[in-house]
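Chemist: Kindly generate the complete structure, drawing on both the sequences and the hints.
Under my numbering, the sequence shown has 115 at position 115, and the numbering climbs by one with no breaks.
These are computed hints drawn from the structure, not numbers from a lab. No false leads were mixed into what you were given.
The list that follows gives simulated cross-link-like pairs (lysine-lysine, BS3-like), each with its CA atoms no further than 27 Å apart:
1. Lys102 to Lys113
2. Lys113 to Lys36
3. Lys113 to Lys41
4. Lys135 to Lys80
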Amino acid sequence: MRPIPLSGAGETLKLFLGGHIDIYGGSIPPIAAFVKEGRAKCLISTSAARSPMLPNAETATDLGMADRATELWRGVVAPKGLPADRLQLLASAMRAGAQMEKFRNYVLGSSEKVVARSPEEFRALIMGEYKDFAKVVQGLNLPK
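Modeler: Here's what the structure looks like:
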């Protein structure tokens with residue numbers, strides 16, 4: 001198996017459904033309809049919990065790998081050195097936006113979920129994943 005860097009889910013899905021690549025690894029919404037139609041088979045959802053869009057897909061937790069579960073997430077970051085008062089202002093605005101019914105309905109309609117974290121919690125998430133993926137990369141013994 002060799003990785004093929006692509007520009008995003010649209011290109012990946014097109015190549016996967018056309019039989020040009022063997023595995024699609026990405027978010028659930030773009031592939032869910034094709035799984036339901038039988039044009040694709042979900043081998044595993046790397047999420048910790050089952051998705052309403054793919055309720056029959058086994059998760060990392062189901063397979064005894066809860067500590068290996070990964071989630072695709074979206075977030076907003078600010079430049080390093082942003083004054084604390086500005087960071088808190090942005091964080092408050094984002095938290096308020098995340099609670100708006102129209103936004104929540106849009107996100108939930110895409111089978112995603114809204115998780116409003118503090119700047120400190122979000123930084124911890126990013127740094128935790130950075131450390132985890134650094135171990136994976138080091139284990140691959142790639143040339144520098």
